[in-house]
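Visitor: The whole structure should be built from the sequences, with the hints applied where relevant.
Taken in order, these protein sequences are the chains called A and B. The numbering of the first sequence is the working numbering, which starts it at -15 and goes up by one. The numbering of the second sequence is the working numbering, which starts it at 80 and goes up by one.
Think of the hints as simulated: they come from the structure by calculation, not from any bench. We treat Cβ as the ideally placed atom computed from N, Cα and C, and that holds for glycine. Please note that the accuracy of each hint is not assured.
Said to hold, decoys possible - Beta-carbon label-pair distances, calculated as ranges:
hint, chain 1, residue 1, chain 2, residue 2, range
1, A, 285, B, 340, 53 to 59 angstroms
2, A, 303, B, 329, 27 to 33 angstroms
3, A, 189, B, 82, 29 to 35 angstroms
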Amino acid sequence: MFFETWLPDFSFLFLSILVEGAPFILLGTIISGFIDVYLPSGAMDRILPRNRSLAVIMSGMLGIIFPVCECAVVPVIRRLVKKGLPPACAITYMLAAPIVNPVTFLSTYSAFKKIPLEMAGSRLLFGYVIAVMVGLILLRLNVRRILKPGIAREIEEVTARRAGDHDHDHDHEDEDKGNRLIMALRAAMRDFVDVGIYFVIGITIVAIVNTPPPIDQETIPLRDYIDGTAESTWGAPAALMGLAFLLSLCSTSDAFIAATLDAFGQGARLAFLVFGPMMDVKLLFLYSTILSRRFILALAVGLFIAIGVLSVAMEPLFEKLEKKNDPPFSQRMEE
Amino acid sequence: MKKTTFNQIVSSLATIAWGAVPVYFYARGVIGNYLNESFHLIALIGGLAMMVLGLFNLIHANRQVSCGHDHSHEHGEKDGHDHGPDHEQNPVAALCLMILPVILCTGFTKHEYSKEALRWKGLYKQRTLRSLYSNYNAEFTRELLEKRTPRTREGNFLLQFTELYWSAGDEKIMKVYEGLPAQLEGRLIEEEPDLNHDDDRKRLYRVVMTCCAADAQVLGLPLQFGSPLPTLPEKSWVTARGKVAFESIDGQYFAYLRDCEVEATEAPDPRAQRRR
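Guide: Structure follows, in structure tokens:
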């Protein structure tokens, strides 16, 4: 049973997520490699406003200019943080970019036929607001409480050197362009392997959860448990956020899955669409390449509560919008 | 061999191994089992890029290009760069977590779900999707259905599998489809014994995925045969012809084709389907 069905099914699922996600991780790590070699230290300081709050607000919108999904964004911000981007801005961008970008907006718009603009707009707006809220809170926290100790130490060392404590200039005139390309691609591969290892752990868990257990074939699939919560005010968004967490879908196409969950209200589906790109199993492990474990846990709980509350608050509004936009045929069906 | 060179080689091999998987699936023609069509080209380009990156670094594994010492440093404002003291990846971790799982999974995968997984993914379940039929701004009638659906020479309507599957559950929609001569394509599998008391049924199914196989839903439609059951192998692609009917089991409606006949066919080309 194990070798005949479970292992082939697990392998099939594992590889399907791997071949879908790996190209995006590669894209992120190549960008990160080139940032490492070609982006001058302190460049981010010059790009972003000096006012930190304003910088966080702006970081939430960077996804419009640099649209990346959640797999690609982690290696990029990892490198940008090392280059001096304040962690609050980096995490705001990391949380917002997979949602606040034109590709995600268009896919959500196409998936929700009944209230396309309202759903795509709400997703974008809530994704942005939640990410900026997190960023503004992080401005008040010490870097050591947010980042992994090793990365926090590195940033502090770089900051200290830039402040003049240990300025260490030396010539690299002998470095030709070829050498820099090799350095960039070497850094890209190092990041790819670094992130890839955590990605594998994440997708292994996702694949296990989605593979039928090898012993009890009567086990009820996860989706059936979740469908049972559809009528519950608080249970529905909580269950769909849990589903988003376990499925670990790509933000550019998760709206098509959300659209099929029509036993649920639009508010609960919005929770699925906002929570998923910010926190899921694979991201949990990708985040741990840069963020401290304690912070990831706090972030997961905070997002779960904030998005859950927002989605419940939005449900009556969505119901009104749905009734308003219902086509005549559908109105007759409900009679 | 230096430790850093060895690490570099292992990392390069891990990157090549990851890149080889989508390229191999693409070359074997099974990529469609793993990913939605919109991701095929991305996976191929990504796979090739991973292989190039890995090979490039493998070729230059022994080349000394860093500053020669392990710390951050700062250049002038214009063309400077700042690279931190990145740690070297543990080669054992890269080997155990990146290379081995990929090789093992590629060896074990059968490029499709087992029957148990199909069942788990909803092969014998019925779900309703009200929103599919609420997209029409006019009343959905038999006339509208006939007008927009192509027919075969024999007069069978070429229905989309999903369209018929989602029609169950709403009485008005079911009336529109009831009795319609239809032709569908899908894969043939045994019917659930509890739903096949007269032993005259098989099931047609399709796997619908949005991104990859992990998010796939399996949609199944019973086929009832007046004549003896077909003896085609499990999971064969077939063209099924019959009349649309609905039945209620435990208070839930299911669409099925009655007086059915099937013939083996090739797996449909997704690009041709999309054009249609």
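Visitor: Decide, hint by hint, whether the structure agrees.
Guide: To see whether the hints hold, each was checked on the structure:
no. : hint                              : result
1   : A:285 - B:340: 53 to 59 angstroms : holds (57 angstroms)
2   : A:303 - B:329: 27 to 33 angstroms : holds (29 angstroms)
3   : A:189 - B:82: 29 to 35 angstroms  : holds (32 angstroms)
The structure is consistent with each of the numbered hints, conforming to all of them.
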